[in-house]
Every structure is written in structure tokens, then in C-alpha cells.
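Keeping their order, the protein sequence lines are chains G and R.
The opening position of the first sequence corresponds to residue 512 in our numbering, with each subsequent residue numbered one higher.
The opening position of the second sequence corresponds to residue 13 in our numbering, with each subsequent residue numbered one higher.
Source of the hints: derived by calculation from the structure; they are not laboratory data.
Yeah, the Cβ is synthetic: ideal placement off N, Cα and C, and Gly gets one too.
Any given hint could turn out to be false.
Selected chain G positions facing chain R (Cβ under 7 angstroms, derived; list incomplete) [as the list claims (entries may be wrong)]:
1. V519
2. T522
3. T572
4. V598
5. K601
6. L602
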Amino acid sequence: MKQRDEIVVLTDAVLITCIVQRGVADTVVDAATDAGAQGATIFYARGMGVRQKHLGVLGITVNAEKEVIYIVVPADHADHIFERVYVAAKLDTPGMGMIYMSPLDKMATYVPPEIAARFGHHG
Amino acid sequence: MTDPVLQPRLRYGEFLSAVRVKQRRVSYRDVHADAGKWSRARSLRLVDVHRLLTPYVSVRFLEQLRAVVPLALFLALFQIAALRADVREGELIAFGMLAVMLGLMLFMDGVKYGLMPFAESIGFNLPNRAAPAVVLGFAFLLGGIATFAEPAIGALRAAGGGVDPLRAPWLHLLLTRYPDRLVLAVGIGVGLAVVVGMLRFFFAWRMKTLVIATLLPCLALTTYAGLDPRLAPIIGLAWDCGAITTGPVTVPLVLALGIGVAAAAGQEDNPLAGFGIVTLASLFPAFAVILVGIGLVGEMPDPAALPSIVGAGGTAAWWDETPAAELVAALRAIVPLILLLWLVQRFLVGAAVKQRNIIAYGVVVAVLGMALFNLGLSVGLVPLGNQAGATVPAAFSAVGGGDALYPYPLGIGLTLVFAATLGYGATVAEPALNAMGTTVENLTDGAFPKRLLIQAVAVGVALGIALGVAKIVFAWSILPLLLGGYTLALVATAWSSEEYVALAWDSAGVTTGPVTVPLVLALGLGLGQAVGVAEGFGILAMASLGPIVSVLLVGFWIRRRAEVAARGES
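Can you build the whole structure from these sequences, using the hints too?
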């Protein structure tokens with residue numbers, strides 16, 4: 512079997528990370544896929560901070576168990592998806608979580624051969 | 013291709029971003045510097061409070077709604093459809109049910125935020141920092157005092173009115189004049205049970221031995237009391253108490269401590285650590301209550317000679333009490349518990365308590381919830397159960413002038429089916445049982461599926477409640493039922509393997525939640541009064557005996573099936 516001498520590496524990718532309370536991830540992923548994202552990865556995590564400091568007794572309504580959602584999107588769509596997720600997850604309320612976006616140097620994954628061929632890659 | 017210099021290129025995506033998204037860029041450095049100046053919580057917009065509170069409250073309220081409404085509807089509909097009797101004071105009962113749901117919701121949350129942080133911290137730290145004797149002393153106090161805070165214990169206080177003072181004088185005396193003594197006995201029983209449960213960790217006693225060693229004296233004392241006509245009416249109450257004690261306060265508190273002690277005793281994080289204490293906590297109180305009964309009979313040979321107290325029965329005027337009375341009762345139940353936990357945390361564990369405002373919130377909410385629950389108990393749950401119990405005999409006998417609604421055998425059958433359905437439905441809906449089912453399925457590697465456990469327990473409870481109702485309807489003595497049932501359980505225990513013993517005996521305590529207990533208790537008392545027997549206790553006792561036997565038998569069946577399968581393979 513011939514060893515591949517070339518990997519298709521995608522650039523212009525952006526990582527959107529969204530941290531929300533446990534159980535909200537589905538809303539976030541739905542909003543993101545609606546806006547054009549292809550998929551998402553969800554972690555379970557535990558948060559500390561704002562809850563106790565800024566919400567007082569209302570802090571108990573915020574679950575310290577969190578879900579962290581990774582969504583990799585093309586740079587062009589990033590702002591749009593970012594905004595849609597922000598609205599869907601109601602991130603303008605204290606304690607609901609946060610979202611951030613970071614540029615990715617490169618990413619690689621399965622790229623269908625016929626698409627790769629269009630960009631001059633012959634595997 | 014034309015000359016690229018003349019055609020400036022703009023990427024469509026960038027154009028879209030610029031047009032669509034309105035973002036204002038602010039440096040986080042500036043915001044951070046500014047944020048340091050905020051001293052306290054910012055004021056929240058109304059919509060923020062709504063977004064924070066609504067999901068939080070609705071999830072918790074729905075949980076209670078699912079536990080309470082089907083049961084209440086079943087009782088009311090059965091009364092209307094099968095017994096053709098209206099539910100009296102329907103609005104008041106509906107209000108009471110609402111109070112029960114709200115109260116339980118608040119109370120559970122209060123326990124979670126006000127009590128559990130203490131219990132976890134103490135359970136984790138105390139076994140390392142204090143002598144075993146101190147730990148055991150604390151366990152005893154905790155078990156006893158937590159019993160006072162158990163919501164269902166209020167039902168006992170409200171139950172005195174349903175007892176015939178002429179035919180069961182000492183029972184009546186105990187419930188109306190000395191309810192504190194009764195609750196104290198139950199508390200001591202639970203406290204001892206917790207201590208013995210802890211000792212089990214230190215000495216690695218087997219559950220089987222422990223059950224047999226506890227059950228034999230209990231049965232002996234019961235037999236002794238049952239043969240004495242003065243004491244016989246107390247037995248039903250005594251065994252019912254066991255079912256009442258193991259509720260949503262005692263179990264998690266004691267488990268938190270138990271897990272800590274088990275870890276300190278060198279047993280690694282054992283998921284079975286909690287098992288056993290619940291069992292003992294339903295046997296010891298029965299023993300203690302019978303002892304109190306014996307003491308009472310010795311102390312007052314002639315209760316009829318005592319001057320009657322004003323408002324004897326103490327239950328005729330539940331709704332005359334102001335909310336203040338409920339609040340005081342709630343404070344009396346919860347404050348000692350908090351005080352004990354706080355003192356131990358402060359002076360024995362010596363760690364400061366974190367997040368005081370959250371704990372204060374928890375305590376306040378727990379007290380409020382308890383008060384609301386007690387209110388709902390006396391205007392909602394107890395009257396509903398009482399009415400259902402009082403109208404059920406109309407199905408098979410001529411009560412209150414009119415003819416029986418149905419021919420005798422059909423009426424009796426209907427009554428028993430009603431009782432069994434009630435037990436089955438209430439058990440299947442019990443969230444604690446669901447949680448236990450998951451644990452058991454994991455522990456037995458799927459040999460005992462969750463559904464099978466729930467079904468086994470539910471059928472056991474259903475049969476138990478039907479048997480208990482039959483006991484009241486036919487005015488059977490409870491002694492042979494208890495002796496027969498527990499002897500069967502004892503034999504099955506001796507034959508069974510260790511894990512099924514722990515499982516079966518604990519399933520008895522899991523099934524009796526804070527809604528089911530008062531309802532069934534009131535049902536029995538109402539039924540007892542309508543049929544004209546001396547006392548209507550014993551249904552709960554039967555309802556906790558049922559699942560023990562049924563789960564043990566299912567355990568046998570599973571083992572046998574495994575053996576047959578193994579033989580078939582070889």
C-alpha cells in the first residue's frame with residue numbers, strides 16, 4: 512500500500528468555545544448547527560467564580576456543573592455562529608456562561624477525496 | 013484575467029460579517045481593571061432574575077408535582093367513580109396539596125444547601141480528627157435529632173384522633189398525651205440504629221448476621237406485647253414507626269456520615285456503605301416504641317381514670333392553627349439539627365463554614381418548607397387519606413344508613429384492588445427507588461435489572477398494603493401477620509446471599525416517602541374508624557414487610573436461573 516505523502520490541512524479555521532450550565536449544551540449545538548457549523552464536541556466540567564461573587568443568594572440557581580462545547584468553524588462564518596450561540600444560550604445574563612473564539616493555526620480531518628481533488632490534492 | 017491591481021478584492025465572508033454582526037470591541041484589560049472596583053453584587057435586570065429562577069424552580073416543582081398529583085388524583089377519582097361520594101372540602105384539599113408540593117420543594121432544597129454541606133464536611137473530616145467513641149456519639153445524636161426533622165413524623169402527631177380511646181386506651185394515651193415520648197423513642201431507636209450501622213463498618217459485621225440478631229429480639233418483644241391485651245394495639249403503631257423514620261432527611265445525612273466512616277475504617281469507597289443503616293433504622297424504632305408502651309402500661313395502670321385533657325385527640329382543629337403554629341413546629345424540628353451540625357463543625361472539626369449566606373438561605377428555606385409541608389399535611393394529605401379510608405367501606409357494607417354499593421365479595425375485592433393499586437403506583441413513582449435501582453443494576457453487573465427491582469418492590473408494597481387493609485377490614489390481629497411475614501423473611505434471609513439480604517431489607521425503607529406515608533397512615537385510620545376497629549395502624553408495617561419478602565424471593569429466582577444457565581453450559 513502506498514504511503515500518503517501529503518495531508519490535507521485546512522486553514523482559516525476558528526475554534527468557538529462556549530461554557531454553559533449542564534444541560535444547556537444541546538441548545539448551543541442546535542443554534543450552532545442551524546447557523547452552519549458542522550459538529551461540536553462537548554465536555555463536562557465544573558466551574559467556579561462569578562456565581563458566588565456576583566449573584567449573592569441567587570447564585571444557588573446556577574449549576575456549578577458545566578458543559579464546555581468546542582465548535583470548529585470556518586473563519587467567515589465564525590462571527591455569525593458566535594452571535595447566534597450568544598443569543599441562544601442567553602449569555603447576556605449573569606451566571607449563564609461565556610463564549611470565546613480563537614484562531615486555529617491549522618486543522619486536519621477527513622476531507623472527501625473528490626473535494627480534495629478540486630483543490631489539487633491527489634491522494 | 014484582467015489586471016488585479018485595478019480590481020480591489022473583498023471577500024464575501026468578510027463583507028457579510030461587517031454587515032450582519034454588530035460587535036463593539038472593548039479591551040478585557042480595561043473591564044477587568046474596572047471590575048475590581050465592584051464591591052458587591054450588581055443589580056440584576058428583571059429578565060435576568062426570571063432566566064435564573066424560572067428553570068430552577070420549575071424543575072424542582074415538577075418533580076414534586078409528579079410525586080403528588082397522580083396519587084391524589086387516584087384517591088379522589090376512586091372516591092368519586094367507584095364509591096360515588098364527593099370529595100368534601102375539595103378546595104381546601106387542593107390548597108393543601110399545593111402547600112405540600114411547595115413545602116417539599118423548598119424543604120428538599122433547604123436540606124441540600126443548609127444541611128448537606130455540614131454533613132459532607134463532618135462525614136469527611138470527623139472520623140480522622142476525633143476518637144471513634146466521639147464519632148459514634150455524634151452518629152447517635154444525628155440519627156435521633158434528624159428524626160425530629162423528618163417531614164413524615166408530623167403525620168404521627170396528627171394521627172392520634174383516629175384511635176378509639178376505649179378499646180385501645182394506652183395507644184390513645186401515647187398518641188394524644190405523650191406524642192413527644194413517642195417521637196423521642198423513635199429518635200433514640202434511629203440513633204442506636206445509626207450507631208450499630210457504624211459499628212458494622214469498624215468490625216465488618218455481615219449484614220445477614222446483623223439482621224437476624226436484630227430481628228429475633230424485635231419479634232420476641234412483639235410476641236410478648238401481642239400476648240398482653242393491653243399492649244397489643246400498640247404493635248401496629250410501633251412497626252409503622254419504622255417505616256416513617258427513613259425519609260429524605262435522615263437517609264442522606266446518615267449516608268454522608270456513613271461514607272466518611274467507611275472510608276476511615278479502611279473500606280474503600282464502597283457503594284454498599286449506605287446499605288444496612290436504613291434497615292436497622294426501621295427495626296430499632298419498633299423495638300423502642302414497644303418498650304415505651306410497656307413502660308406506659310406499668311406507669312398508668314388505669315388510663316380511663318385520668319382527667320381528660322382539653323381538646324383531647326388534639327386533631328379536631330388542625331386548620332384552626334395559625335401559620336405561626338406551623339412555623340414554630342418547623343423551627344423546633346430543624347433548629348436543633350442545624351445547631352448540632354454547626355457545633356460539631358465548629359468545635360470538633362474546627363473548620364470554618366464557607367458561604368454562610370447560602371447556608372443561611374438553606375436553613376430559612378428548610379424551615380419555611382417544613383412549615384408549609386406541615387400545613388399541607390394537615391389540610392390536604394391527611395383529610396384526603398382519611399376521607400378515602402372512611403368512604404371505602406361503603407363498597408361492601410352498609411355504612412351511614414345506605415345499602416352497600418356492591419355485593420360483599422365484589423366490594424371487598426374492589427377495596428383490596430384499590431389498596432394494591434395505591435401501593436403499586438406510589439412505589440413506582442418513588443424517585444429514591446429509581447436511584448437505588450440504578451445502583452443495584454451496576455453492582456450486580458446487570459443480573460438484577462433496575463426494572464425488575466422496581467417491579468419486585470412495587471408488587472411487594474402493593475401486596476403489603478392490601479394485606480394491611482385486609483387486617484383493618486376484617487379486624488385481624490396484626491401479631492400473626494407480623495410474625496408470619498418476618499419469619500418468612502428470616503428464613504429467606506438465612507438462605508439468601510449477602511448482597512440480596514442488604515438489598516431486600518433496605519428496599520423496605522426506600523419505598524416510604526414523605527407523601528405516601530401520611531396518606532397511607534390517614535387512609536388506615538379513616539378506614540379503621542369507619543369499620544369500627546380499635547386502631548387503624550399496621551398498613552405501613554405490612555408495606556415495608558412486603559418488599560423484603562418479594563425482593564428476597566426474586567433474588568432466589570435470579571440465583572436459580574443463573575445456576576440452571578451454568579449447568580446448561582457445562
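Going down the list of hints, with the structure as the test:
1. V519: Constraint on G:V519 not satisfied, violated at 20 angstroms.
2. T522: violated (14 angstroms)
3. T572: Hint holds; G:T572 Cβ to chain R Cβ min 4 angstroms, cut 7 angstroms.
4. V598: violated (11 angstroms)
5. K601: holds (6 angstroms)
6. L602: Since the shortest Cβ distance to chain R is 11 angstroms, the answer is violated.
Checked against the numbered hints above, the structure breaks hints 1, 2, 4 and 6 and satisfies the rest.
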